[in-house]
Every structure is written in C-alpha cells, then in structure tokens.
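Asks: What follows is each chain in one-letter form.
Protein chains: 4
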Amino acid sequence: MGCQTDQELLGIIERVKPLVAKGKVADYIPALKAADQSNVSAAVFHITRGSDVCVSAGDIEQKFTLQSISKVLVLALALIDQGYTNVFQKVGMEPTGDPYNSMIKLETSSHSKPLNPMINAGALAVTSMVNGNSPDEKWRRILHFVQCLLGGKAIGYNKEVADSEYKTTDLNRSLCYFMKQHGVIDGDVDELIDIYTKQCAIEMNCLDLSRIAAVFANNGRDPQTGNILIEEEVARICKTFMVTCGMYNASGEFAIKVGIPAKSGVSGGIMAVVPGKLGIGIFSPALDERGNSIAGAEILKIMAEEYHFSIF
Amino acid sequence: MGCQTDQELLGIIERVKPLVAKGKVADYIPALKAADQSNVSAAVFHITRGSDVCVSAGDIEQKFTLQSISKVLVLALALIDQGYTNVFQKVGMEPTGDPYNSMIKLETSSHSKPLNPMINAGALAVTSMVNGNSPDEKWRRILHFVQCLLGGKAIGYNKEVADSEYKTTDLNRSLCYFMKQHGVIDGDVDELIDIYTKQCAIEMNCLDLSRIAAVFANNGRDPQTGNILIEEEVARICKTFMVTCGMYNASGEFAIKVGIPAKSGVSGGIMAVVPGKLGIGIFSPALDERGNSIAGAEILKIMAEEYHFSIF
Amino acid sequence: MGCQTDQELLGIIERVKPLVAKGKVADYIPALKAADQSNVSAAVFHITRGSDVCVSAGDIEQKFTLQSISKVLVLALALIDQGYTNVFQKVGMEPTGDPYNSMIKLETSSHSKPLNPMINAGALAVTSMVNGNSPDEKWRRILHFVQCLLGGKAIGYNKEVADSEYKTTDLNRSLCYFMKQHGVIDGDVDELIDIYTKQCAIEMNCLDLSRIAAVFANNGRDPQTGNILIEEEVARICKTFMVTCGMYNASGEFAIKVGIPAKSGVSGGIMAVVPGKLGIGIFSPALDERGNSIAGAEILKIMAEEYHFSIF
Amino acid sequence: MGCQTDQELLGIIERVKPLVAKGKVADYIPALKAADQSNVSAAVFHITRGSDVCVSAGDIEQKFTLQSISKVLVLALALIDQGYTNVFQKVGMEPTGDPYNSMIKLETSSHSKPLNPMINAGALAVTSMVNGNSPDEKWRRILHFVQCLLGGKAIGYNKEVADSEYKTTDLNRSLCYFMKQHGVIDGDVDELIDIYTKQCAIEMNCLDLSRIAAVFANNGRDPQTGNILIEEEVARICKTFMVTCGMYNASGEFAIKVGIPAKSGVSGGIMAVVPGKLGIGIFSPALDERGNSIAGAEILKIMAEEYHFSIF
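Quick note, the sequences are listed as chains A, B, C and D, same order.
Per the numbering used here, the very first residue in the first sequence carries number 2; after that it's consecutive.
Per the numbering used here, the very first residue in the second sequence carries number 2; after that it's consecutive.
Per the numbering used here, the very first residue in the third sequence carries number 2; after that it's consecutive.
Per the numbering used here, the very first residue in the fourth sequence carries number 2; after that it's consecutive.
Chain A on its own, in the form it takes in the complex (with noise of 0.2 Å):
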C-alpha cells in the first residue's frame, strides 16, 4: 500500500506546492484571510500497520478550523444521538447542482427540507439535532465528540474565528428563519447560529485531521483502540455524503476524477478517507474557485493515481 514513508508524501507536497499560487485564501473574514497562501501539510494515518501508524509532511504544526468539515463530524453525532430515521426526517440525501449556501432548493421542494446535509441548510438544521438540554451542552457534546475521534487529545475552537463569523453570517440566519418557518428546525436561531459557528471554528492541524479520517477508514472503530466510536453504518453513510457532496459543487467532478470520499473546509483543509486502509489530513488554504483547497485537491489526485485510492 501506498505513502509508507514521510519522505514520500513530501515528495507529492513538492510537486502540488506550485499550484498554490493560482489559488485564493478565503477572505470573507479577517481571521481567514490572515492565512499563509503557501501553507501545505498533509498526514496519512494507517489502520493497518504496527506502533508507527502516521506519515507526515509539511508545516505539520499549523492549525486550522474545520468549517465545513465539522459537517460530516456532527452528522455522525446526530445519527448517533436521534438515528437514521429522525435525521432524514428533517434532511434529505441528494446532490444538488445548486450553490452550498442556495435557498431556492429550500423554496421550490416540497417540504422545505434541506437536499442534504453538507449544503449549509441541511448542515445547520443536523446541528439542531444534536442531544443536549441547552445549547451549551449541545456544544460541549459536539466537542468531546470530536476529541474522542482524537483518542481523548484535548482540542478546542478558535474564538476570534467564531466570533467573526458569528457577527457576519446572516446568510446563514436566513436559511435557519426560512427552516424555522417551515418546522424543519425550532428553537433559537443565534442559539444554533452560536454552536454551528464554534463547531465550523473548531482548530486542529493535519495530524489531528488524519487520525480522524482514520476512524472513518477503519469502519468507525479508532484505529488505535479498536474500540467503536462511531456504529459501522453511521461511518458508511458519513463516506457516501462525502463522495456525492463532499466536495461543494465539484463533488461530481472530484468522484470521477479522484474517487477517494473526502470532505473540504473554505479554511483550506480536507480530509479525506481511504477505506479499510487510511484517514487522510491536509491543509493548504489557496482555495480554487469551487472553494477547494487546490493544492489539497491535486494531492489526492496524486495518491488515487499512485496507490490506487479511488473506490470506483
């Protein structure tokens, strides 16, 4: 199996390093914006190998902030806490060609269901169904969630990120007053606004992302332990999401020309799951014009060339 070493990773890093000047670091916030353009770090982690399961490469010490990543990770939650039939409920399970952060899906289906939970709507109301009895326990539900994918390692939320956010996404209060309208979500809307903020601000470098990855790779089990984090159907279903949508409006185009499940975050990270084999960490925040991170794009491409990573 591929990427046994760190110094072969570094070697695929070295070539998708000068793609990075073609991208663009997301801007819409300060804290984003201040980003390091030619920032690239990738980690493997095996399932299946001894005591020395993860290769690195790269400024490996960067942290990042999921964002849209925390997508897949609190869906998993949700399924956990209310199960399959109450989730899908209240989000549905289909690509759509619109924009991640679209309305008008909302507007023309019947229903007013989000399409699926990896555009923002659909995202935001997976949130609101998160157990907890208040949106304090809600979100220190989500993040010791998180930190158990880690094996326990304590993490925590860019503050300043989340804050900026907060005051700025009214998009995203849009779309939670349209659903509230239309009972997919209840409750207080900067409430939820609150804890989705902070789960999109939540910080980790690559390592941290692959090892994560990893869980999902290994069927839900932690790669270290065996121990199960998340139920084997609960992981599958997080796996199909990021092949059909993972990947904002380039999901299709990322199935047929990659064909490895992955989920990118406008902070520049992605990651990325082989299964039965490997998790996959990257950050590098030039992001393409599809909201892509490039470079981690082209790197995953390398590696379903290389090694044979696509499931299709």
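Source of the hints: derived by calculation from the structure; they are not laboratory data.
Keep in mind that a hint or two might mislead.
Within a straight-line C-alpha distance of at most 27 Å, the following computed BS3-like cross-link-like pairs (lysine-lysine) qualify [said to hold, decoys possible]: (1) B:258 <-> C:25; (2) D:160 <-> A:258; (3) C:278 <-> B:278; (4) B:278 <-> C:34; (5) C:64 <-> B:278; (6) D:278 <-> A:302; (7) A:278 <-> D:258; (8) A:258 <-> D:258.
Non-contacting residues of chain D with respect to chain A, defined by C-beta distances greater than 10 Å in every case (computed) [claimed, not checked]: (9) 31; (10) 84; (11) 307.
By construction, the Cβ of each residue, glycine as well, lies at the ideal position given by its N, Cα and C atoms.
Following the hints, position chains B, C and D against chain A.
Replies: Relative to the frame of chain A, chains B, C and D by itself:
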C-alpha cells in the same frame, strides 16, 4: 360620475355578497382567523363633490388591519424621506411572476435587490429607509404619516395582531437576513421586523381607507383641505405600483379585467384609486386563492364596468 | 395638447440624438446588424385633429421590422378570432421578472402556461391561435389585419430578416416543443415558427407605426374613418399588456418613469399609445442593455414630462 | 461471495414480489403501458467463477427496453470515440437536485452545459458525440457496441417503442433546440432524436443486461474472453456516474441505503455493478414515484445487506 349614493353602493355589495362563501379567511395567525367571513363593507370618497363627499355601505364600523396595503403608504413616506434615487437604488421597479414572499429572485438577481416594493422583501427594505433616529421614532413617523393622510384622525394599531405576527414571521426574518448579508438593508433585523409588523397592523375602517385612497386620487393633495400631503410624483409612483404589482400574483389579470390601481392586504382590505375622481376603501376578509378579497375584487370589477373606472 | 408640429418633434429628436452612441444595435442576425446606429425617426398621429393629423421628424422613410411589436397586433387578432376565454386559457396575464425568452416559469408553473403574451412563449402560443385552415392562411390573415390597421396600405415583410431568424431561432423552437409537450400548442412547430418569424419581419416606417398606435389610442377605431377595426375591450387589453409587460424587463421602470403604454422591438421600433389622444411610432436601432431603443425610450420620457402623457 | 445459486436469487425475488402492487407501470407511451406489472426477473453474472457464471430467476425470457440505462452505454462509447476532454467540454460531471428532464439548470448555468450525462439533456449531447458520418452510421455503431458488450450476441430494438417515443418526445426536442441555440450540440435535431429514441428502445432480457453489467464490474474487460471492450478509466467513469446520478432523484438515497453503482430505466430495468465481483440485470416494470423499479431497487438493497455489496 358613478356611485353617488349609499344606496347605489349597497346594491353592489348585495350583488357580491354570495361570493364570500367561496373565499377563505386568512388563518396563519389567530387574530386574523377570527374575522367574520361574511363581512363586506365599502366606502367611496369623491374628491370633486362639495361637503358630502363620501358614500358607504355595509358594516362600516368594522375595523381591519392594513397588512400589505401599508406597503404603499410606507413607500410614499420613504420616497418623501429619502428621495427617488436612494429608494430605487435598494429596491427595483419590476413586477415579478414569483410569490410575494419568495426568496428566489433575491438569490438569482444581481445585487440581491428586491424586484419591487410590493413584495415582502422590497417592502421590508422600504420600511428600513424611513427616517428616524431610533426604531421607535421611525414607527411614530409612519403612524403620524398615516394619520396625516386621514386628516389628522387618531388611529392606532392592533397590538394583538402585531405581536402575533412578530412571533411567527420567520420568513420575513429570513428575507431580512438575506438582504442584510448582501447590503440591501442594515441595522437590527428584529427592530425592523417590529416596525414592519406594527405598520401591517395599523387598524382602520373602510371609510378611513377610502379617504387615504382619495389622497392618491387627488395627486397627493388632501381631498378636503387641498393641502399637499404627498408630492404629485410620489403619488403617481405609488399608483403605478398598485397597477403593476398591487394585487399579488393576480395583478396582471386585475389590470386587464378591472384596470383600477389597487392594493390588497391579507386581512381582506383593498385600497383602490380612480385618479382624479375618487378613492375606494373595501373590507371583506374572505380571500381568493391568490390572497385578494374575493368580494372586494368583484366590487371593483363591477365598478369598472358600470362606471368606466378603468384607466386603460 | 402637445407635439403639434414637425418642428416641435424634431426638437425632441435633436435632444435625444446623442444617446444613440451609448446604445448597441442588435447583432444576432446580419440583417439587423446592418442598421444605421445613428438613425432616429418618429411620428405622432393625432386622433382628434382635422385633416392634418400626423407630425413627424427624422428619416421617416426608413423602414424597420416590427419584431416584438408584432406581439401586440397578433394578440389583438387572436382575441378577435378566438375570444378572451380561449386565448387566456392558454396564456396568462401576469408580468414576469424573468427574461422574455426564459423557459424557467414554463417549467415551474402549473400547466406550463406562459405567464403573458408579451414574452416569446406567450407570443408563440398566441400566434398559434390565429384562425386559418393552413399556415399560409394564418399568415395572410395576420398580414391583412396589419394592413387594415394601416387603412388598407399594402405592406409586406422583410424576407431576408424572416429567413435569417427562421434559421437561427432555435430557442423559440425549444419553447414551442416544450409547450407542445404540455398541450399549450399543437400542430407543426416549424410551420408556427415560419409564421412567427414572418410576423416579426413585417416592415414599415414610423409613420405607419404611429397610425397603428392611433387605432389603439382611438379605442380600436380607425382614426380616419372611425370604423371599428378592433373591439374596444380588445384594444384595452392590448394597452394594458403594453403597460405591464411592453418594455421587456424594464416595463415596471418605464411605467414609473414614463407611464405611456408602449411596446418595443429588438429592431429599435417602439409603438406607444396616449389613450384618447394620439399614437406614436418611433424607430432608432441603438438599444439599451434591456433591449429597448435607447433614444426611443427617452423621446417618450420627454413627451411624458412635457406633455403630461402619463396615464398614471 | 453471495448469490451463488438460482435458488438463492429466487428467494430474494419471492421476498420483493409483493412490492410490485405498490408501484406503477410507466404509461406515457402505450408500448410501455402494456408491461405486466407483476413481472420480476433478475440475473447475476459472476466474473470470478468458472464456466457456470450466471445465476438467474423469474421470467428471464422477458425482454424489455433499456431506456435510460442506455445513457451509460452510449457515454462509454462517446468517451471511447471522442475522449474525456471533448466529452466533458460539452457535458458536466455534477449531480443535480432537479428532475432528469428539467430545463432550468440549462438556463441558469453558464454555457448552458448540461450538468451531467445521466439527465436527458446530457445524454442527448453525449449521443450527438458518437462517431459516424451519418445518423445511420452513428446508430449502427451504438447497436454494434452494445452487441460487443454482449459477446457478439445479435440484439435489436423495439421499433414500436422507438416510433412511439419519437412521435411524443417533444420535451427532448425542446432540450435539443435549447442546446443547439447555445452551441452544445449541432446538426439536425430530429436525426439526433431518432438515434436517441432507438438507443432507448434497445431490447434485451435480464441475463443480457447482467452480462453488460459484468463488463463494468470487470473494469471494462469481457467477463468470458478477458478482451478489453472498454478502457478501464472509461468503465470507472461510468460506474462513478451510476453512483452519483444513476437512480434519478433517488441517487443519493440509493447510495446511502444500498451503495451499489446502478442505473435504472423507466421500463423497469436496472443495471447494477459490484466492482470486481459481478454484474446484475433486473427487470420489474412497476416503478416507485421517482421512476425506479420498486422491486428492483429492493432486490439490490437486500443484496447489499446480505452480501455486503456496498462500495462504501
């Protein structure tokens, strides 16, 4: 000119009364749902007769809330306050084939500009442009303006209706946050919603409404004192919108079949203007499937046919 | 009443002439592209003066094709042939915020009914309803009707323009097949397209067009003989559509700013009607970004301001 | 590996048989309407067993037309003929939340490019790209290609179904003319429609279909001779589209619940691929509300659960 006596108007009301059974009272808030479906009242305010200027028929004491009719009045005030250029920088002038509360065109139009001031998005943007250093001052200026149109008569708003709408109008909040994200409006959304739900809940009877209509019929001048209450151009703009977008998604058909500038509200009120001649106020809460008073629209159709009130 | 002399009209033309440099001649078919961008001509046909009824200015010999202006004339004929109920069973009466050649509302509306007869879909459906046992008879009846509106003057159509449009108008074919699938039209699509492209290519000068406009201004009666050419109700319906949908996606703005019922064509022609007073024919092929003659629209704006021609 | 005997497969068919009563046979053309709603047949073609490679059950002699299943096969041929770059210059790779026959995205997308090759617009564009100097040659090449996938077996098409669809498929003509106007396709529309309706009417039984599916399961190689019929990359692309867009507007849900690449047709056929293992052909004409064979989809769901056939 037609409709000179109470008796004549009563005759028309008797003819349309059977229609109320085919309509449906708005039921999205309890206060509106409580309306008596069989109610029909109307008043005609002539601007060219001597002292005895108004004929009326039906239960003319019955008050109702203005709802969308208020959009025309607040548009007039915003045009007075901010001027043509400022107002139409934020709101368009084009009719739409979409529902009055639709988001779609906001998303697909460049600049997210609401298509016109008679759909909810446009009306909310217009209300946000009324002058005032505080929400309270804006609201008091709106109420004062309406009272001026009534010759100084003290009227108020229905607090129960306003409160009820404030609590449930999440779709309007959704529209506001969408527009806020795109810079069409700024400021606090809930404060704007508070003013807007109050303006919609301004309460009067059909006699009052016919007097306001008479101001528009009289090119903006008070029909009794001759004082300028609204500049002629502003009055003309308002009448034009009443023709192109005043009757929800039946505006085009109403222009063809009736041809009288009119604005309806979901409470069952209709304000109609026969330019240079008279103003009409109607109340009958049974609505047709497009949200217009079923008996009210028929009264205007009969008047158009019998008295040649069409502007076309 | 205004615009009594050629000199007066020439003065207006001189004022608007500089605007043509800002416009753009339609270039989607060679025959239209060949138009002289600097051309401006206009005629005003008074219905209330004695023998000398028409004033004109500019290169009044210049012919142009009617293009979308023909939609109004063929609507009149279809209403005469089929009656109000039949026509409006197939075509709606509502303005739309979508482009004149859009498919979207056909797909999202129940019954796939075109929203109004001034968008292409609606106009095609209207043309299909003209009486005639063969395509050729339908076409000859249309041409004959237009000649009647011209007091019997023999006019024809520009074969080069019609042929060119016939070959390239695949979007209109697309609209037709969509409507055929949904039962809005039946019969052979290419035969319908043939008639439609010919009607759009009917050729005349601004004097002719002003005479046709005068028929509408005169409630359907021939302005010279007083004969009824169009029933009054049909004429009224046509004028109403000219207000709500006559100037493409600038109809609402034109109603506000000018307030004269008008229909424009992509050739640069505008037919405008001042009810009870006069008809106006304008030709100036430089178009603004919404497809209306830039100088032509300004001529009407000046007339509305100086002669109080607005109907509002 | 599962499903080794006819008996085993028959057991599954018996379990799903009661479902057919809940479905509805396609009725838009008489030839499809005549199908026997109670019919269920299936075949599984193993690529890794010796001489006895195929198990089957139900009325396996029953022929059916491919309908949309042909979209996958013609995509493979177009990719072979024109190459990846040319094909995807005209057709996108993204799933859509809109119906398979929708025009909306064509109008709102830049370049009017169909979103993917599994919706009608995309499939028509793909068919237009098949090599051939004449419509007849294109059609014969398509038929020949399908026969190659069947190991040279002579099959044909159902002329009655093709003729019937040719006469009534005005919506597809509408899509074609729209694309022609925008340069996505060129050439004669009716000739393209003729080829397309024939490809949809290619007729076979479930044994045949399972053999074709086995070619895809075998990475494009003939499961009996090992000859390359489709390049591996082309086969991979086809399988990916089957996952993201193969089951109409239930594709996302089918990926979640079943996870087997599959393409359905309105005749009630489904071609499904378990990569590296086997191909499945199913016929059962009773459709669910999204146009997929109700019993067929359930057969695949049972197989996914019992034999772990999901790729996720």
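Asks: So which hints don't hold here, by number, going up?
Replies: 1, 2, 4 and 5
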